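S.K.: Residues per chain, in single letters:
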Amino acid sequence: MFSLFKFKGGIKPPTYKADSVRFPIAAAPVPAQLIVPLHQSIGGQPHPLVQAGDRVRKGQRIGAPDKWISSAVHAPTSGTVIAIEERLAAHPSGLPTLSVVIEADGRDEWIKRQPVDYGRLEPEQVRELLRDAGVVGLGGAVFPSHAKLTAASDVPMEELVINGAECEPFMSCDDLLMRERGEDIVRGIGIFRDLLQPKRVLIGIEDNKPEAIAAMQAAVKAVGENFEVIAVPTLYPAGGAKQLIRVLTGKEIPASKRSPDLGVQCFNVATAYTAWRAIAFGEPVISRIVTLTGNVAQPRNWEVLLGTPLRDLVPLMQPKADTNRYVMGGPMMGFDMPGLDAPIVKATNCIIASSPAIFPPPAPEMPCIRCGACAEACPHELQPLELYWFARAHNFGKTQEYNLFDCIECGCCSYVCPSRIPLVQYFRFAKSEIWAREREKENADAARERFELRNEREEREKAEKAERLAKAAAARVAAPTQQPADTGQPATEQPAFDPDAAKKAAIAAAMERARKQREQVKPKNTDELTVAQRKEIAEIEARRVPLQEPQNASNAEIQRAQREEE
Amino acid sequence: MNFTSPPYLTQNVSVRRIMLQVLAALLPAIGVYLWLLGPIVLVQLAIATATALAAEAVMLKLVDKPLGLFLGDGSAIVTAWLIALAFPPMAPWWLIVVGVAFAIVVAKHLYGGLGQNPFNPAMIAFAVCIVSFPALMSRWPSLNMDASFADHVAVMFGQLPRLDAMNGATPLDTLKTALKLGEGQVSVGAILADTRIFGRMGGHGWEWVAAAYLAGGLWLWQRKVIGWHLPLSFLGGMVALSGALWLWNPAQFASPLFHLFSGGTMLGAFFIVTDPVSGSTTPKGKLIFGFAAGLIAYLIRVFGGYPDGVAFSVLLLNLCVPLIDLYTQPPIFGMKGEK
Chain A
570 MFSLFKFKGG
580 IKPPTYKADS
590 VRFPIAAAPV
600 PAQLIVPLHQ
610 SIGGQPHPLV
620 QAGDRVRKGQ
630 RIGAPDKWIS
640 SAVHAPTSGT
650 VIAIEERLAA
660 HPSGLPTLSV
670 VIEADGRDEW
680 IKRQPVDYGR
690 LEPEQVRELL
700 RDAGVVGLGG
710 AVFPSHAKLT
720 AASDVPMEEL
730 VINGAECEPF
740 MSCDDLLMRE
750 RGEDIVRGIG
760 IFRDLLQPKR
770 VLIGIEDNKP
780 EAIAAMQAAV
790 KAVGENFEVI
800 AVPTLYPAGG
810 AKQLIRVLTG
820 KEIPASKRSP
830 DLGVQCFNVA
840 TAYTAWRAIA
850 FGEPVISRIV
860 TLTGNVAQPR
870 NWEVLLGTPL
880 RDLVPLMQPK
890 ADTNRYVMGG
900 PMMGFDMPGL
910 DAPIVKATNC
920 IIASSPAIFP
930 PPAPEMPCIR
940 CGACAEACPH
950 ELQPLELYWF
960 ARAHNFGKTQ
970 EYNLFDCIEC
980 GCCSYVCPSR
990 IPLVQYFRFA
1000 KSEIWARERE
1010 KENADAARER
1020 FELRNEREER
1030 EKAEKAERLA
1040 KAAAARVAAP
1050 TQQPADTGQP
1060 ATEQPAFDPD
1070 AAKKAAIAAA
1080 MERARKQREQ
1090 VKPKNTDELT
1100 VAQRKEIAEI
1110 EARRVPLQEP
1120 QNASNAEIQR
1130 AQREEE
Chain B
393 MNFTSPPYLT
403 QNVSVRRIML
413 QVLAALLPAI
423 GVYLWLLGPI
433 VLVQLAIATA
443 TALAAEAVML
453 KLVDKPLGLF
463 LGDGSAIVTA
473 WLIALAFPPM
483 APWWLIVVGV
493 AFAIVVAKHL
503 YGGLGQNPFN
513 PAMIAFAVCI
523 VSFPALMSRW
533 PSLNMDASFA
543 DHVAVMFGQL
553 PRLDAMNGAT
563 PLDTLKTALK
573 LGEGQVSVGA
583 ILADTRIFGR
593 MGGHGWEWVA
603 AAYLAGGLWL
613 WQRKVIGWHL
623 PLSFLGGMVA
633 LSGALWLWNP
643 AQFASPLFHL
653 FSGGTMLGAF
663 FIVTDPVSGS
673 TTPKGKLIFG
683 FAAGLIAYLI
693 RVFGGYPDGV
703 AFSVLLLNLC
713 VPLIDLYTQP
723 PIFGMKGEK
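Read top to bottom, the protein sequences are chains A and B.
In terms of the working numbering, the first sequence opens at residue 570 and continues consecutively.
In terms of the working numbering, the second sequence opens at residue 393 and continues consecutively.
Any given hint might turn out to be false.
[Unchecked claim] Partner residues are not named here, just some residues of chain B that face chain A (Cβ under 7 angstroms, in silico):
{"id": "1", "residue": "Tyr400"}
{"id": "2", "residue": "Gln403"}
{"id": "3", "residue": "Val405"}
{"id": "4", "residue": "Ile410"}
{"id": "5", "residue": "Leu461"}
{"id": "6", "residue": "Pro668"}
{"id": "7", "residue": "Val669"}
It should be emphasised that the hints constitute simulated quantities derived from the structure, not laboratory data.
In this text the structure is predicted, and so the values were computed from the model without any measurement.
Ideal Cβ positions, reconstructed from N, Cα and C, are used throughout, including at glycine.
From just these sequences and the hints, can you work out the full model?
M.R.: Encoded structure:
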């Protein structure tokens, strides 16, 4: 018998999962227009590879990964690119993001798919393949998977944990995927296993999903692997990567460490599935399973093309009349979709049609009475009540002392708070303030460094120039006296040496050299540009300014996500 | 669309619910009081409740907080009931009014209202009144007296002079005085043999009040309104010290059982030290808080000049809470091996 560990805290909210598991996964229709955001994973924003007017095929790469922590983006169906522009994103901020808008042609024509036998490839090549196929963590955190597939150099990889816990209420996409496509998941896990070489592979599934557990056990047997399928107690957030790792291995990963440092790594079941499809079928990640549920007549799981606007899914779920908004993700960690035009992305595991009956408006916030219910519920054993005081008082240094960044924002504290304090919001606020201040400090440091370097350079140049001038002047003074010796002509025939004139000439020559130098330094590729190219550059420049912020933000995000994994 | 923030699901809990459960947990003790002394207990509770709500309303109005929300949270009523039950039954009406008003106005609202008070308001009321009116606060009615409800009311409102039977001492006080008078010649066993005063465990009749507090407290624990750390450590502190002295010299020190079931021990353990606002919040801190409060309460009641020590010991520990909390922060997930 496999012995499980426990994590402290956690809550048992009602699960609301039964409704959406009654029917098998169905394919959602191809929408008329798809909005594919380029930035669908943690890390660098992919560069667009297509232009408006280009014809694309299903599976064609339309966004190239930027740097190592980034992931490619593909056309979900065949059609024509009609624009590459800022569109409303499926993000709590409601800000637009650069997206490729594709008009579907209805033919759903694939590119030439190239299955590979990954056993013949170097591990590095497999990781690159996964990056170029857009494989990211589909549990919701969308961290590029290839970047997690390297074991620590000094710590042996002991356990590979596969996350099928799916602890958020309402959600059942992983449940159905495990029931229906268990063998592909198991083969995908095989790829991860081969890359990481762990001693054991543990598949954790919450015990409220007996069908999925049975299906995965059968799949493991059918594929002939020795993976252990383990039922874990249903306790939110057991599906958090760190909690599941704790339950299955007893290891606790603090925010300051990454899981490979403790010899363990964790992937979601859906991620393993897409990895297998990418390698063995040459199909990049262009769709995902989404649970459409909540206040609807037709709760069900659908395989939805990425980029499908939420509007096109509404007819599938048939929301009831009192639906007032749509929540993306689960009720504990999800957020309000900013509009019906926001598209489904790789992070969209669930859409909940919400009504005041399902999610009542929040009760008025009362003062904290220090009851400590939050501390008891916190799976990271933090003291939310203390963090709350410090965050409220803008005492951000103290929040860090009390380990603010170990907070995984699971929402357990807010769930149990009798004073109805939106604790998680306070913590997010404190984190973003701290990031903003760090960024400011970094910018200020960089500016100071630049300033100092410039000063230094100017000083140096001045000194060099003076030296050069002095040398030149000296040379000219020396020249007339030497010449007679060379030519044998009488010295009296030479014009009288005028030090002033020599100086002026030297200055003029120096200015001329400087002008030429400046011209050389100018970027040459801007010399012969067409009008259209110049316009494009101007547009890019204009876009770059507002983009500075989010790019910086995403750096912080990367760091956080690297710590949090799935 | 109107935006809200996750989590969208919340547990069915509220400050009001917690306070109502605390009030419900006091009902058994109130029932025993009724049985022992008659309906005069309800008059005392009513005076306290009315004063608390009035004082709360005035203070809320002054700081411009929503009346309905905060009056409805029940916290003022909990304070009122605790004061009414901690004060001697049939105390003059104005004593209750002064105590409750001081608790709500000074101890609670001058510090910022709900959740902000560093001291337990009910214990502040008790301390203020026992320092200001020591005689009135030390006189407890005899349970064997023969007076009607109308007489009780008349006495409470000053229409009738206090009867001798209303000017007794608590069993704790009686024991202390007897031991003092005996100058080491009288044994505890001999004094406690008078079961008309001392009952079987901690005072004739009063031990049943204590048992009712225990029952209410256990119910609160079972409902997870209070944790086990504070009550158990408080009782532990009381038992540890009383037990040690009793084992050392049983003739001069009463048994732990006597101390558990007399005075304010049970009320203190389950309803006073468990006040979350003014108490420690970390698990280790709660154990320190409770144990120290139990020890000090015992020291005051046995060696000090006051009839009981719960109020002063709790207030003393309230003062230490920031320090206790600072040094007892538990290690977090993943950081247990490190400091």
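S.K.: Against this structure, judge whether each hint is valid.
M.R.: The hints, checked one at a time:
1. Tyr400: holds (4 angstroms)
2. Gln403: holds (5 angstroms)
3. Val405: It holds, given that the least Cβ distance between Val405/B and chain A is near 4 angstroms, below 7 angstroms.
4. Ile410: holds (6 angstroms)
5. Leu461: holds (6 angstroms)
6. Pro668: Status holds, d = 4 angstroms.
7. Val669: holds (5 angstroms)
Comparing the model with each numbered hint stated earlier shows that all of them hold.
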